[in-house]
Amino acid sequence: MVKLIQLAREENINFSFLSDEDLTDSTEPPFSDKLMMFHIDMLNIIGAGMYGVSAGVSARHDIMTMYAQFMTETGLYGETGAKIMMANDWFEEPP
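In terms of my numbering, the sequence shown is numbered consecutively and its last residue is 95.
Misleading hints may appear alongside valid ones.
[To be verified] Derived Cβ-Cβ restraints for the label pairs, each shown as a range: (1) R9 / G52: 40 to 46 Å; (2) V53 / N14: 29 to 35 Å; (3) H61 / I84: 32 to 38 Å; (4) K3 / T65: 56 to 62 Å.
Just so you know, these hints were derived from the structure itself, not from any lab.
As the structure is a computational prediction, the values presented were derived from the model and not from experiment.
The beta-carbon is built from N, C-alpha and C at its ideal position, and this holds for glycine as well.
With the sequences and hints as input, model every part of the structure.
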């Protein structure tokens with residue numbers, strides 16, 4: 001296994017199953033809280049948009065109602081994230 005890993009490194013091939021390869025003894029997070037909140041917020045926005053698209057192409061009323069409920073829950077989750085970002089001055093407060 002060690003030879004395989006060494007050969008893969010020489011050939012610039014990454015193995016996704018080696019999850020502990022890049023572990024360090026650092027106690028500092030590699031990414032800032034601001035960056036992580038931004039990414040979570042963007043994923044939340046994309047998710048809400050996908051629910052809207054899904055509701056738009058669905059012919060069943062019960063599924064559209066379910067998507068609308070999911071969009072509401074996603075919006076409330078996003079609002080909480082936006083408030084956290086505003087409290088830390090990472091995001092402008094809307095007028």
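Hint-by-hint comparison with the structure:
1. R9 / G52: 40 to 46 Å: Roughly 44 Å apart at Cβ, these two residues keep to the hinted range, so it holds.
2. V53 / N14: 29 to 35 Å: With a Cβ separation near 33 Å, V53 and N14 satisfy 29 to 35 Å, so the hint holds.
3. H61 / I84: 32 to 38 Å: holds (35 Å)
4. K3 / T65: 56 to 62 Å: At roughly 57 Å between Cβ atoms, T65 and K3 fall inside 56 to 62 Å, so the hint holds.
Violated hints are absent here; each numbered hint is respected by the structure.
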